[in-house]
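Colleague: Chains as they are written, first to last, in the working numbering: chain A, 1 to 290; chain B, 1001 to 1311.
If you are wondering where the hints come from, they were derived from the structure by calculation, not from laboratory data. Glycine residues also receive a C-beta, built at the ideal position from the N, C-alpha and C atoms. Hints may contain errors.
Away from chain A, derived, C-beta distances all over 10 Å, residues of chain B [what the hints assert, rightly or not]:
(1) Arg1004
(2) Arg1049
(3) Glu1068
(4) Arg1072
(5) Ser1073
(6) Leu1089
(7) Ile1091
(8) Pro1165
(9) Ile1205
(10) Leu1219
(11) Met1223
(12) Tyr1256
Cut-off 20 Å, straight-line C-alpha distance, at most; resulting in silico cross-link-like pairs (PhoX-like, lysine-lysine) [to be verified]:
(13) A/Lys277 with B/Lys1115
(14) B/Lys1115 with A/Lys281
(15) A/Lys277 with B/Lys1111
(16) B/Lys1111 with A/Lys281
Covered stretches of chain B (in silico footprint by chain A; criterion: 3 or more residues with CB under 8 Å from a CB of chain A, positions within the stretch not fixed) [as the list claims (entries may be wrong)]:
(17) 1034 to 1040
(18) 1283 to 1290
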Amino acid sequence: MRKFSLGSAIMYTLISLYAAICLLPMLLVLMISITDEDAILRNGYSFFPDNFSLYAYKLIFTGGSQVMQSYGISIFVTVVGTLLAVTVTAMAGYTLANKHVKFRNWMALYFFITMIFSAGIVPWYLMNRMLGLTDNILALIIPSLLFSPFNLFLVRNFMNGVPDSLRESATIDGANDITIAFRIYLPLCTPVLATIALFYGLDYWNNWWNAIMLIDSKSLYPLQFMLLQLQSEISMLNEMTMLAGSSDVTLPAESVKMATAIVTIGPIVFLYPYLQKYFVKGLVIGSVKG
Amino acid sequence: MEKRRRLAFGLFSDIRRNGTSYLLILPAMAYTFIFGYMTYPYMIIAFQRFNYTKGIFNSEWVGFQNFEFFFRSYKAVSVTFNTLFLNLLFIVFGTLTALAIALLLNELRKKLFVKLSQSVMLFPHFISWIVVSYVLYAFFSMDMGIINQALNALGLASVNWYTEPEVWPAILTAMNVWKGAGMSAVIYLATITGIDETLYEAAEIDGANRWQMCLRVTLPLMMPTVIILTLLSIGKIMYGDFGMIYALVGDNGTLYSTTDIIDTYVFRSLRQIGDPSEAMAVGLFQSVIGFILVFGTNAITRRFFRDGALY
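Using the sequences provided together with the hints, build the complete structure.
Modeller: Below is the structure:
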């Protein structure tokens, strides 16, 4: 059975090839970011640069640069947003999974309707304007991202699996709802809470929709949106280097752009093993519907 | 009437009995009310000439004028076609690639290799479309891109890819598959893992080789999941991926003829041209067709795969 065959050799090659296709483009961006600017302008982008240089990273990480400012915004928004979102979702999930609450299915329907039918971006935008969620940090935290019915149902389905007898025996021992939530459900449900924390966290980190719709001030640009602006706006680049106090030097535009892209995926690479484990689990539960 | 009173009374007494539970769900309910239900009335601005200072109550009514403006312009056909066509390409190529990868991965026996290659394949799923646009630029840039370097090495002239609308459906499809197929493959692989092992044992006793098992056991048993997921995507075919298109194409007008979709059109009407009523009219057109499609595909799913239905 296990002996070498042409068939399996082809299969290993095909999968390796696809894996390479997935990884090499990112590697190219990384290589450009550490290439000397002159080498880029001379030879174009390359996997094997002539001269290496970390100058782009030095510029980016100089205090007060737009990248650092945006990094701060993104981290703040992601941490605060994820904490709030997980709390709101977990609390609601706990109620929907409580079989003593008579109207839980009606409430589930209430959430489900908004999942199936959305009014679209124009009402969403007008509502945020009316609430004053424009051009402030709350506009990056509250609209769209703070609560998703999809995650709510993920939590509810998981909590439905907690045996009701646990709740009953706790009630007999004199525990109230809050005690049951914290002492029984919270420890049992950490896997699903970790999963939704990742869903929310990734959404917050990669979000630029809220910024493009609601944010005008540069000081509030999250990292992703800054990266989008960087594509087209050379002025943004100039500002970055001006802050770094080197306006007389030629701007390493190409390597700085690519370095910023690399810096943007930094936390994702860092958290990758954890991310992959829980994310896939959650997606499989969510899409195949267990 | 009697029934309704009893229902209201029931809710009241239930809240008294399970007060804490209702309190815990209150934030989520309020959020959904504000950002879900309270946004629905704004849809009527499709029939107004909406003015930000006059608001929804005092803006002038114009009937179907906004719809007329859209449908009379050549844009209506163009953006609708692009939305449907691009999504169709994404569904077909995405599903086929993911299926092929899942089946291949299932055949491989070296655990570490499978795990490692899965990790690599999932990576593109986690990065934003903006970062992907930088990847794209590294390949397709006019002066410095890898593709043009390769063309030059072969003695061919450089192509300015960012001014060639004809090639963009292919580029967008490739990027969409690149970003998403790994994740779909992992989901499909999870389905394969769930297949009853005894079926393979029986097939082996009957003398089936691996290829036949794949074709006659794995593939047929995966089909329900594949069809359900495909139907779900078809239900959403009127909704384009704004994040993808805007990040990769942006405001590059030369490419609009093949890349402009309903969602980017609505975005421009709202934020760049500044005509919320026109944007809402187009959005409403999208919603109505989209709603019919979601209902239709769900009805089909429910008819044939009871468990896979959305509701």
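Colleague: So which of the earlier hints does this model not fit?
Modeller: The structure conflicts with no hint, since it agrees with every one listed earlier.
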